[in-house]
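*Asks:* Position chain U against the provided structure of chain X, taking the given hints into account.
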Amino acid sequence: MEDYKFLFKVVLVGNAGVGKTCLVRRFTQGLFPPGQGATIGVDFMIKTVEVDGEKVKLQIWDTAGQERFRSITQSYYRSAHALILVYDISCQPTFDCLPDWLREIEEYANNKVLRILVGNKTDREDREIPRHIGEDFAQRHGMYFLETSAKEAENVERLFMEIAVELMEQAKCKELPKYDGSLGPINGKTSSVGDGSCCLR
Amino acid sequence: MDDDLPTDFQVIVVGTGLVESIVAAACSRIRKNVLHLDSRDHYGGLWASHNFEGLQKFIKEITTDPSRQLQVYNLIEKWYIPKESQEVKQEGEDGKTEDGKEAKKVWSQADFASEYRKFNIDMTPKLLFARGPLVELLISSNIARYAEFRCVTRVLTWMSDKLMPVPCSRADVFATEAVSIVEKRMLMKMLTSIVGYNEEEMDNEFKDWTDKTFQEYLTHKGLTPNLIHYVLYAIAGGTNAMPCLEGVRECKKFLMSLGRYGNTPFLWPMYGSGELPQCFCRLCAVFGGVYCLNRPIDTVENKTVDDKKVVVIESKSKTLTCDHLVLGINEGPKDLLSQEHSDSSDISRAVFITNGTIMSSEKEPLTLLRFPPLNEDNNATTVLEVGPATGSCPKGLFVVYFITNKVVDAETDLMPYAQKIFDMSGGEQTEASDKPKCLWSLFYNVKDTSATVRDGVEGVHVCAGPDAGLDFDRAVHQAEEIFKKICPGEEFLPRAPDPEEIVFEDDVTHGPEFQGEQEDADGDKE
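Taken in order, these protein sequences are the chains called X and U.
Numbering-wise (this note's numbering), the first sequence opens with residue 1 and increments by one.
Numbering-wise (this note's numbering), the second sequence opens with residue 1001 and increments by one.
Chain X with its partners taken away, still in its complex shape:
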């Protein structure tokens, strides 16, 4: 089972109700959970994908509902390789909060983390944020941009695959340490492999 070459930690942030959990479950399980409230019981989910014939394991972390009152633990951001910031294209306040989220990301995440802005719920007919507004924002803040619909499975696969490809690329040219099973589940680039670094298992 453990025959993958790379393991990457991907974390999702954004306001409550923008569809973070739905994106994760659409991608990892191919389903859209209807009418779910806040996220309960989901810690992180795992999916192994193939890039250029190599197995890449994506560990996708959800906020566990701590975003509801803006109380995400800093440790959530530690050792993340990619960070997906999600808003709801049919809900202006979720877009207006993006600068607050960016500030939090700047503060706690590694500054080399791959950042992706996602406008979710393109299936909705009551769009409030035009596509180009989202695109502009992403460009200004050095982020990738994609619009998705977890409900219609639109661009969800693409979102995570592009992350996997990009991280692979980065890992290869920066010669990031390969994931070594003995180190336990979290093996971020900020902690070097080997000498003295360890995880409890």
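No wet-lab data here; the hints were simulated from the structure.
Where is the CB? At the ideal position from N, CA and C, for every residue including glycine.
Wrong hints could be hidden among the right ones.
[To be verified] Derived Cβ-Cβ restraints for the label pairs, each shown as a range:
1) U/P1494 to X/D136: 47 to 53 Å
2) X/D136 to U/E1490: 48 to 54 Å
3) X/E169 to U/E1314: 50 to 56 Å
*Replies:* Chain U alone, transformed into the frame defined by chain X:
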């Protein structure tokens, strides 16, 4: 946004210190409905790690708000470097000095400010014994997956007016040149026998030693002064007055934790000890705990609702009710708690930022240094030195923590020790010296108190603040005690399932089932 806050809970926890956070996680894990609040905008309270900006904010709060000096007092911050960078001299010499070594960076206060994010400075630095209660709890509960650790690479002591490495393992003992072969045999024999004793044998072996000191025992065993120093001060972390049995138990604890993860018995949490409460908070949230920082509470009282006694809390003009309130000692309304000093004294702490390690080594070291008391009135002093690899500071710097039981005040208690290992002159940073230069220092005392709840208020459980001990034993123990009172007969933090074990059913509104045997649930099979 806070107005959406639900109001009825089984358990409300106020304060995100380690004890409170463990209790919150344990209650949520067995599906109690938990609300977890903190009056501040960050997790951890006095258990937190701060970046340099956060630390400045903390210092300012303490020095300007007298009510906060009930917990932290005698705080003194000092700089030993200029405010702004000086003009760069000798440009174009490849940054090398004459002897070919890389030139040391010259730090200014402005550099600290611009690199503030790279600092994670602990308010309560502690180590984990590799087989101590916190490590065992992190593993058995599966919370270890939220944290990363580094092994302490060496244990040092102060002997004959200089730093000396302490041989910890069998290999170390045989490799060291500081002790003779005869001494090595003696030491190994004694250490092996201590590890071998079970409780009964220990009671038996030491029945005549109950009112004697560990030092007397070691002398009786024929150990030379060198060996007594290693065992008493460095391994047992004691003083001349340490009772024999306590010394034996401390030694045993040290030795039992050897060989699990590295060359020493200790682990250090990446990014500082402040990560640990957050790991427990994350688990609590994963199982449905509701989190809200920046939410102080104003009053606490009991009421009877539908023939049931509940705790009623007023917070920002909102009324919250619960069966049990778990309260961090520094979070409670003043009239609710009557503070009483615990048996141990207050804590003297110091933090130093230096431009090099106290003893050079091939790879970046992570050091525990145990100082014997420098004079008779003092207590033993614990020193922890951590570097950039732990996520504590930018490259080129080290963060060094000093901890002891208070005698006079933090600066008076700890400055003599600091002067032994640092250059505190504030002179040129590039100038060669055998000691690292101190660039910044902070001294403060912390109250070690416990408290009881005002008579007539029920269902409130108070958590003590941080203690001076090296490990987290007291916090874990206290959290388990509180949990047992709230949830008698329930398991304390049973293992949380791995993501691979979680099986979703469609249309479920409750949390996922734990199905340990099921595999392939992670959807990665095509």
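*Asks:* Hints broken by the structure, by number, lowest first?
*Replies:* Result: no hint breaks.
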